[in-house]
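Participant: Sequence:
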Amino acid sequence: MSKRYHYLPLSKVAVGMVLADDLLDKLGHVLLPAGTTLSEHMLRSIAQHDIRQLSVEADGPSQAEQDEEKQRQLVRLEQLFRQPPYDEPTATLLAYLRTYRLGAYK
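Sequential numbering of the sequence shown, starting at 215, is according to the numbering used here.
Some clues are possibly wrong.
The calculated label-pair distances, taken between Cβ atoms and stated as ranges, are [claimed, not checked]: (1) ARG258 x LYS284: 55 to 65 Å; (2) ARG258 x PHE295: 49 to 59 Å; (3) ASP236 x LYS284: 45 to 55 Å; (4) ARG218 x LEU241: 20 to 30 Å.
It is worth saying that the hints were derived from the structure and are not from the lab. Note that the Cβ used here is the ideal one computed from N, Cα and C, for glycine as well.
Given these sequences and hints, build the entire structure.
Facilitator: Rendered as structure tokens:
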């Protein structure tokens with residue numbers, strides 16, 4: 215799944231949002247790394263560096279939507295592997311695909 219993000223003006227950035235990219239100052243020094251959860255103190259400090267907008271991670275799908283999508287993918291795998299021959303290589307491939315679709319493979 216690709217990382218989703220959007221740019222927001224600093225006035226619309228809220229405490230608890232997560233930076234999508236490294237935050238750099240005018241000289242290219244990293245002020246905050248990507249993945250940092252923003253606090254009130256950080257937002258005040260960012261404003262002092264004359265930064266007007268931030269790249270923050272967009273809200274992803276809810277846990278229920280993620281579970282529904284995983285279930286749909288598993289049903290699709292069962293449909294694809296419904297025909298014989300069901301031998302050892304096929305079973306191994308199906309096991310790998312299930313692991314991949316469930317997100318356990320990184």
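Participant: Could you run down the list of hints and mark each one as holding or not?
Facilitator: Verification of the supplied hints:
A hinted range of 55 to 65 Å is violated for the C-beta pair ARG258 and LYS284, which are about 40 Å apart. Evaluation of the 49 to 59 Å hint for ARG258 and PHE295 yields a pass: the beta carbon distance comes to about 56 Å. Against the hinted window of 45 to 55 Å, the Cβ-Cβ separation of ASP236 and LYS284 comes to about 31 Å, which falls outside the hint. Hint check: ARG218 to LEU241, Cβ distance near 29 Å, so the stated range 20 to 30 Å holds.
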